Amino acid sequence: MNYRSSVDIITEWDIVAARQLGRNEAKKAGFGTVDQARITTAISELARNIYLYAGKGRIEIERVTDDGMFGIKIVASDDGPGIQDLRKVMEDGYTTSGGLGAGMPGVKRLMDEFKVISEPGKGTTITATKWLH
Amino acid sequence: MPQEVGRQYKEIMKKYLESHSEEDLYVGQQFSRRFIEKEIAPEDVISIHKTAMIELHPELRNEVWDSFDFLIEMMIHYGLTLREHQSLIRKQEAIQIEMDVATKVQDTILKTKMPIVDGLDVGLVSQPARQMNGDYIYFLNGQNESSVAVADVIGKGIPAALCMSMIKYGMDGLENDNSNPRNVLEIINRIVEKSVDDSMFISMFYGKYDGENATFSYASAGHEPALHFNAKTGTFSELDAKGLLLGVKTDAVYEERSVMMQDGDFIAMMTDGVTETRTEEGFIEMEMIQEILAEVQDEPAQQMADHIYHKLAGLQNYRLSDDFTIVIFKKGTEKV
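Protein chains in written order, with my numbering: chain F, 1 to 133; chain S, 1 to 336.
Hint data in this document are derived by calculation from the structure and do not stem from the laboratory.
Hints may be right or wrong, so weigh each one.
[Unchecked claim] With beta-carbon atoms standing in for the labels, derived distance ranges:
| id | chain 1 | residue 1 | chain 2 | residue 2 | range |
| --- | --- | --- | --- | --- | --- |
| 1 | S | Lys104 | F | Gln20 | 54 to 60 Å |
| 2 | F | Tyr53 | S | Thr81 | 57 to 63 Å |
| 3 | S | Asp198 | F | Gln20 | 29 to 35 Å |
| 4 | F | Gln20 | S | Tyr16 | 21 to 27 Å |
| 5 | S | Pro159 | F | Asn24 | 51 to 57 Å |
| 6 | F | Glu119 | S | Asp198 | 32 to 38 Å |
| 7 | F | Ser6 | S | Phe70 | 38 to 44 Å |
| 8 | S | Asp172 | F | Gly55 | 56 to 62 Å |
| 9 | S | Ser19 | F | Asp67 | 29 to 35 Å |
| 10 | S | Arg90 | F | Gly68 | 31 to 37 Å |
| 11 | S | Arg61 | F | Gly30 | 39 to 45 Å |
| 12 | S | Ala94 | F | Thr65 | 37 to 43 Å |
| 13 | S | Ser87 | F | Glu12 | 27 to 33 Å |
| 14 | F | Met69 | S | Asp198 | 54 to 60 Å |
[Stated by the list, open to error] To give an idea of the interface, some chain F residues facing chain S are shown, with a C-beta separation under 8 Å as derived from the structure:
| id | residue |
| --- | --- |
| 15 | Ala37 |
| 16 | Arg38 |
| 17 | Pro105 |
Just so you know, these numbers come straight off a predicted model, no measurement behind them.
Even for Gly, the Cβ is constructed at its ideal location relative to N, Cα and C.
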């Protein structure tokens, strides 16, 4: 019964499409303006990472329920080079893009739950969930 | 979102919108501390503001409300940066606690016993510039003789401090060996060369006082010369001996020299934190160190060391730019 939709990330414009999808879903799920912006930013960062480091991949957005709670789950997956040192990318102050990216710790902070599975040479799957409080 | 905070914010802003008074701005600013205390993110502050405005002035145009949404979007990364900052500060506090423990461990590991030899008065000051000391003093005490190693690891802080423990264990292994300054430096040099990173060098002065014939023999591995004060003539001479820094070459050879000590004579061994004391006018001169030592030549060795430390540290407002170490060997007269 879970509603699910996705955007393939191939060009930079797909990042915008993923953001749009995320914001619409967050709104429909009943999140307020600030949380909508947070969910959208998380999607934006994850999609950007795919675009910059894996070349292509996919963002899926799913409505989830758990024990009476409602929320939104983002799944970002790619078949890219994977993350060599997971501990390092989860550290504050570490951003490979050298830019102003929020990085993994940023995405983790924007959401309530965060999980990353990565295998060097095979790809990365990041799952992040935010619950309606 | 704590709704109570939102309500209070609205009341304070309402008053200001009516009064435009400095007093209400002051109240508002005091109130803003609560946002910080409660760790309310900047984007949430804007949301609180927007909610308050909708209640106070619902007649405003849509562009105004949309602009707040835009501003919220703008603030998300600010909020993240702020939280990252807070977490880095907590991390730093944790590192500081570890450093404090490490410093205590260092002090325990590197503890050395001041020598007790008839006729020899010893004074020592060693102050780190940062938390961990890169200068190292080690005394070796024998029957009627006392030796001291004054070492300076080029570089400061933690790497230098880690290096110290290696020297210490090298020296401990020496005790039954031939403890002539030349031999000691050759052995320590081999240990350092083998086990220390290529980028780390150590200078060391090794001096040995023999109470039997009141002779001070010494060798130096690229270290600052020591100063010998002749009480009879009231003059200083530099004690220097040829030798490479430790850790440069495995088979380095060290020159050994010696000097006789008369009653009232003293020898001051130091690191470059003493000789390269920097004041606003630049580095101090060697003569200045001699003058300061001469002022207190009649004091016990420890007072002399304390005196020169306070004089030179005072010149730098007690903000040392390098680790500061001085050891004084004084041939006692009636006092000892």
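Hint numbers contradicted by this structure: Violated: hints 2, 3, 4, 7, 9 and 11.
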